[in-house]
Every structure is written in C-alpha cells, then in structure tokens.
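Visitor: Residue numbers (my numbering), protein chains in the order written: chain A, -11 to 428; chain B, 2 to 109; chain C, 18 to 163.
It is worth saying that the hints were derived from the structure and are not from the lab.
Check before you lean on any hint, since a few could be wrong.
Below are the BS3-like pairs computed for lysine-lysine, each with C-alpha atoms no more than 30 Å apart in a straight line [claimed, not checked]:
{"no.": "1", "chain 1": "B", "residue 1": "Lys4", "chain 2": "C", "residue 2": "Lys84"}
{"no.": "2", "chain 1": "A", "residue 1": "Lys207", "chain 2": "B", "residue 2": "Lys36"}
{"no.": "3", "chain 1": "C", "residue 1": "Lys84", "chain 2": "B", "residue 2": "Lys13"}
{"no.": "4", "chain 1": "C", "residue 1": "Lys52", "chain 2": "A", "residue 2": "Lys221"}
{"no.": "5", "chain 1": "B", "residue 1": "Lys4", "chain 2": "B", "residue 2": "Lys36"}
{"no.": "6", "chain 1": "C", "residue 1": "Lys84", "chain 2": "B", "residue 2": "Lys16"}
{"no.": "7", "chain 1": "A", "residue 1": "Lys210", "chain 2": "B", "residue 2": "Lys4"}
Partial list, computed: chain C residues near chain A (C-beta under 8 Å) [claimed, not checked]:
{"no.": "8", "residue": "Pro70"}
{"no.": "9", "residue": "Asp74"}
{"no.": "10", "residue": "Asn77"}
{"no.": "11", "residue": "Ala78"}
{"no.": "12", "residue": "Pro80"}
{"no.": "13", "residue": "Ser90"}
Derived Cβ-Cβ restraints for the label pairs, each shown as a range [to be verified]:
{"no.": "14", "chain 1": "A", "residue 1": "Gly177", "chain 2": "B", "residue 2": "Gly85", "range": "30 to 38 Å"}
{"no.": "15", "chain 1": "C", "residue 1": "Ser66", "chain 2": "A", "residue 2": "Val139", "range": "50 to 58 Å"}
{"no.": "16", "chain 1": "A", "residue 1": "Arg232", "chain 2": "B", "residue 2": "Gly40", "range": "56 to 64 Å"}
{"no.": "17", "chain 1": "A", "residue 1": "Gly177", "chain 2": "B", "residue 2": "Gln102", "range": "39 to 47 Å"}
{"no.": "18", "chain 1": "B", "residue 1": "Glu86", "chain 2": "A", "residue 2": "Glu253", "range": "53 to 61 Å"}
{"no.": "19", "chain 1": "A", "residue 1": "Asp394", "chain 2": "B", "residue 2": "Thr92", "range": "32 to 40 Å"}
{"no.": "20", "chain 1": "C", "residue 1": "Glu96", "chain 2": "B", "residue 2": "Gly85", "range": "17 to 25 Å"}
{"no.": "21", "chain 1": "C", "residue 1": "Asp48", "chain 2": "B", "residue 2": "Gly85", "range": "57 to 65 Å"}
Just so you know, even glycine gets a beta-carbon here, dropped at the ideal spot from N, CA and C.
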Amino acid sequence: MISRRHLIATGAAALASAPALARPAVVTDATQLLPRSGPASPRIVICGGGWGGLSAAKYLRQQLPEAEVIVIERNPVFWSCPISNKWLIDVVDTNYLLHDMFAPARRHGYTLIQTEITAIERDKKLVRTAQGRIDYDYLILAGGIRNAYDVWFGDDRRAIETTRMSFPSAYIPNSEHVALKNKLKTFKGGTMVMTLPPPPHRCPPSPYERACVMAWHMKVNKIPGKIVILDPKTRIMPIGGGFRAAFEELYPDIIQHVPNAAVREVDPFNKRIKTSAGDFDFDDAVLMPPHQAADMVWYADLIAKNPEGKPTGWADIHPTMLHARSDDSVYVIGDAMGMISPQFGHYPKSGHVANYVGKIVATYLAQRVRKQEVKVLLPDNLCYMLVNGDPREAISVQFDYELMADGTVRQTQIDVDIRTPDLLEEDFKWAQRMYGDFLA
Amino acid sequence: MSKPRIWLSNRKPAKGEVVIVRAMVAHPMETGLRKQASGELVPRNIINSFACTLDGATLFTWRPETAVSPSPYLEFRFIAETGGELAMRWTDDAGQTILAQERIEIAA
Amino acid sequence: MPVTRRETLALGAAAAVALAARPALARAEVDALLKEFTGGRPTRSDGLSLDVPLTADNPNAVPVAVKLAERFSDSLWCEEILIIADRNPRPAVCRFRFERRMGLADVAIRVRLAESQSVIALARMSDGSVLMQSKPVTVAGGGCGM
C-alpha cells in the first residue's frame, strides 16, 4: 500500500529525472481537489457550469474580486440547450451551440474544473468529487435538472438505459441531442410519440416547439409520419394559442395533441405507452421523463417536502433570498430552484432565468460578504419558439415579476401568439446577448 | 410608438374567402385602479377604441374597457369581397394612435 | 406609446390585483348592461358560440372567443357583440360593432379576470333579436412554472 502523499513525493522526485513515470493519483477520501490559494477569501464553490453557474462565476469575480471562485462542471464542452430545437432542422449549425468554457474562466479569473460531484457534506462545508474533496465558505448549486426515469421504471436500469439510448429525451446536454437529430434525419415514417414531462419541467414551451420543427421536417421532406404529443396538462401552455394555431394551420395532418395524457407505464422494448388518455403504440419516440432538481441537490439533502412529507423533487429555497431555507451558506440557482410563489409556482426553468438568477445571487453574496443590506432582486424571462420552418416564424412569451407589499412575488405573463419572422430575429439577438454575457 | 404585430392568413385571398387577422400592440392598459408606491392612483390609460377599414370602408369597430388584457390581442375574420388597404387603428385615452396597414389583393 | 416591456408587464400584474374587489357593485352593473343591450327582450342561445377555458392559468390574459354560426346575409347580420365578465369590478369587457360587409362575426380577445366567474357574450342582430351565451371560468394561479 502506497499512500497518496508518498506517491506524490515519489512522483515529484521522479519528475525531475524521468517525467514519463508520472501517473494519475489514486483518489482517496482525503484527496484535495484544489488547495486554498493563499489569502483569497471567501472561497465560493459553484457546482455546475451551465447558464446559471457560469453567470454567477463571472459576476462574483466582478462584484467580489477578493473571492476565490471555483466552478465544477462534469461536461467537457458547453452545449447550449436553448436554440437546440432550431439546430434540429439546421436553422443554426453546431458551432452556434458549442462553446469554449475556458475563455470566460480565464477572462474573469475563476477556476473551472471538469469533474463529477459525488457527495455534499454541508456539516463540514465540503463537496466531494470524482477527483477529490473541496471545502467552501459559500456553495452555489447550479446543476440544472435530472431525468427522473426512476419515476417510470424504479430501479430497472435496463429499461432506463434502453429508453435513454433508443428514445432520448434531449433535455440535458449530452449525446441525446445528436441522437435525436439523427433520429429525425433518418425517420422514414410512422408514428412518432412525444411524452411531455409533467410540470414543472425545463423550458415549458419547448416540447411544442420541438414538435413543430420535427413536423416541419416531415412536411417538407414528404415523410409519411405522425407526431403524437402526449401532454399531461389539460391544454397547451404557455403560448397555447400560438402553438394551437401552428398545429392546426401548418401541420394538421402531422401533429396530434393529446391533453390529459399522464404517463402510467412505458414499455420501451415493445414500444408501448399507457396514459390516462389511453394506450399508444409507437414506431419511434422522444420519451421525456419527469424532471427533478439535479442529483447534487439531493446529495445536499435540500429537496423540499410537500405537506404530506413527500419530496417535491425541487430545492427548498427562500423565495427571494434564494439560499437554502435550512442553510444560508448554500444557494440554489437555475432550474433546480423550488417553489417561489403560491400564485405561479416556480420560475420558468429557462436559461434566461438561470443567467439572471446567477447575477442576482452574485450581488446578494457580495452584499453579504461586505455586511451590506441584501436588497431583493427579481428576474424576468423571455423565450422565443420557432413554429414554422418556411417562412421562419416564431412566437414568444414574456414573464415579469414584482415584489408585493407582503414580500411575495407576483408574476405577469404575456403570450405573443402571433407568429412572425421578426420574433426569430429577436431570438438570435437574445442568444448572442446571452452567450456574450457569460461565455465570452 | 410600438409597431403592431400582424398576421394574415392570406394577403391574396379568392373572392369570398374567409381571411383571418391576428393583431397585437404593446400597451400597458392602465386601469386607473392601481395605486403607486406613493399611494396615488395611476391615471387610467387604455386603448379605448379600434377601427378596421378595408378600402376605406369600415368593417368593424372594437371598444375595449379596462378588463381587456395588457398588450391587447385581437383576432377576427372577414369575408374578402374586395381588395384594398386593410387599415387598423388603435387609439388610447392619451389620444395616441397606432396605425397598421396591410395590402389585400383579390386573387384572379 | 413609450412604455418599456418591464413597465408594461408590471402594470398588468398590479392591475389584476386592483381588480379583485367589489363584486356586489358588479352585480347591479351587469343587470344594467344586460337590460341596456337586450332592451328587455328574451334571448336565445342557438347560433352563438362562446369559447373560454374552464380554468385560467394566466388570469391576466384569459382567451375569449365569440362566434356567430351563420354568415351575414343581406337581410340579417350581427350589429353588435358585448362581452361581460360578471364578477369583475368593471364588468363590461368590450363591444364590437360590425358592418354588413364584414361578412361574419368571429372574434377572439384576451381578458383580465379578477376572480372565478362567468363570462357572458351577447350578440344583437339587425332584426333586434339577441343571442346570449355564458361560460364559467375558474381562475387559478399557474403559468409556465406550475
């Protein structure tokens, strides 16, 4: 048995004479992912380098330059889920979605480490990763969502992996988006079923946008296919009017929207789904399982409970201060955030909100470290949905939030149901503004 | 002045075809019931009238009250018997107007 | 009309809150509106359709569609449509006045609802007859995040 310390010492000695002998260190419970760097204080660890995490990192470095900011992200490159539906039909190319994460890290002076979070020990202010432990003064959990396949399949790993490989959901950046695009490009016809996650879920209008772009592909390429949208909601929302008009006017023979279709049973081997609106056989499918807060929020034991004591699946946070109710040294931002208001429930789980909340939490933390009063800030939200491929026309929804006298947050929603080309142009301007904000 | 958002099902309809029009303008539709932080009521300012003409002749008028949503959405249908300019004019309490014009041509 | 998007949205939310008052006054106003529009004549419902969602997830913009089944003819057309939200503090929602050349009456708008209530649509024809439809709406919180 060789201790890690010994191994490093040997390695260091060897390095001087024979660098070829260097090897990966064995990771133990005591392995440090990154020792503290001198006097930099406080140390803020951000778990997740997506829209929220990278935005928080940038603005923390700007507003609290004395802090050491470390982002831990498991993905090797940045893949943008926003705009990815447009990429399915080549409205943008892959370079539009794929981004370098090192450039913003260098520019703003935070450290980006690629590794997987394996545990969070809040009593020790410690995050464990596949490459060692890292302690923090403040922790920001920005892990987005997990695909809760276990809601459908329990611990049947074979069913889960078969579903993921054959009928990918493509709501988390990984191979699923590429697989979905290939699926669409090689689809020869038949029934394509889409299961929508029950609300709340990531990017609420986007499954309908995906149905539109896939239907458009089938229409222009004369593929004899049908898309059956199995929707657990009573009707299409948000932008229900705009989507319904698109379904009926542009894809009347292709898209069938089935409301009240909560998934009861999925059989990926025999291609069959049972729902509360009937049973459906399919030739191919996009099976979107329920969404929940990312695993790291569960590891941190910060999942909210409903009045019956069951986990809601989402983080238990203070609705305006945004830290965990039970631990004010931990913030949860982005899609993993739980209930904000009884009026509207959750903030829309969108890149726009994650970016905005990342900035807000950076401001809050800077105020706290400086012992200043923390003033409530609220996000807004904006999304554009492509419904027609030629001419390229989009619809849109806008949300704004207002702090009421009793401290609750109130939402105003305006659907822009009229499909026009200028909304797609606005979408691209929005995306460039966003990428330019946290990825440049 | 905000640019109206207009969608027409067909700018070159056949004679007798039903044309669908969707129109939306950005407007706060301030009801006059809302109090400012100071406690004073915010004065009412809503779009109180809308008129639609085709080739100079009125098709219909619309009179919204305060219950009509902010950034009002309006969808209507008409039967295309003649071509010409489809003009839509929104007017608010402050007397400001927004005009949208779309050319309709009857297909031969 | 120089209002920014943020202002537009914020104003809407506040207005919806302010609307939530005075249902009793509304009742008298609804009766007055009905009397004025129908001239006291009996109404019928055939031929008029009113489309309103059973539950409104966004009470600030509830879709309301009113349609007359028959197209206009030279002898009979729809002169006016009145839409009422019977428990809003100001129940009159809007009026449409049609010319014969419109050819049909088929309109859709978005309405702010202060609470759960009925939406009423009335259509007065050129012969003085009046059609009426009414639909209940449950106002719930909701939207994108629910």
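Visitor: Is the hinted pair Lys84(C) and Lys13(B) satisfied, with a Cα-Cα distance of at most 30 Å?
Guide: Holds, at about 24 Å.
Visitor: Mind checking the hinted window 17 to 25 Å against the Cβ distance between Glu96(C) and Gly85(B)?
Guide: With a Cβ separation near 23 Å, Glu96(C) and Gly85(B) satisfy 17 to 25 Å, so the hint holds.
Visitor: Quick check: does the Cβ-Cβ distance between Gly177(A) and Gln102(B) fall within 39 to 47 Å?
Guide: Because 44 Å falls inside the window, the suggested range holds.
Visitor: For the restraint on Ser90(C), tell me whether the closest CB of chain A is nearer than 8 Å.
Guide: 28 Å, violated
Visitor: Does Asn77(C) hold up as a contact with chain A if the rule is Cβ-Cβ below 8 Å?
Guide: 6 Å, holds
Visitor: A range of 50 to 58 Å was offered for this pair. Does it hold for the Cβ distance of Ser66(C) and Val139(A)?
Guide: 40 Å, violated
Visitor: Please verify whether Lys52(C) and Lys221(A) have alpha carbons no more than 30 Å apart.
Guide: Cα-Cα ~40 Å, so violated.
Visitor: Does the Cβ pair Asp48(C), Gly85(B) satisfy 57 to 65 Å?
Guide: 43 Å, violated
Visitor: Is the interface hint for Pro80(C) satisfied, with its Cβ closer than 8 Å to some Cβ of chain A?
Guide: With Cβ-Cβ at 6 Å, under 8 Å, it holds.
Visitor: Could you tell me whether the CB distance from Glu86(B) to Glu253(A) stays inside 53 to 61 Å?
Guide: 58 Å, holds
Visitor: Quick one, are Lys4(B) and Lys84(C) close enough, alpha carbons at most 30 Å?
Guide: OK: Lys4(B) and Lys84(C) at ~28 Å, within 30 Å.
Visitor: Against chain A, is Ala78(C) within 8 Å by beta-carbon distance?
Guide: 7 Å, holds
Violated hints, in rising order: 2, 4, 7, 13, 14, 15, 16 and 21; the structure is consistent with all others.
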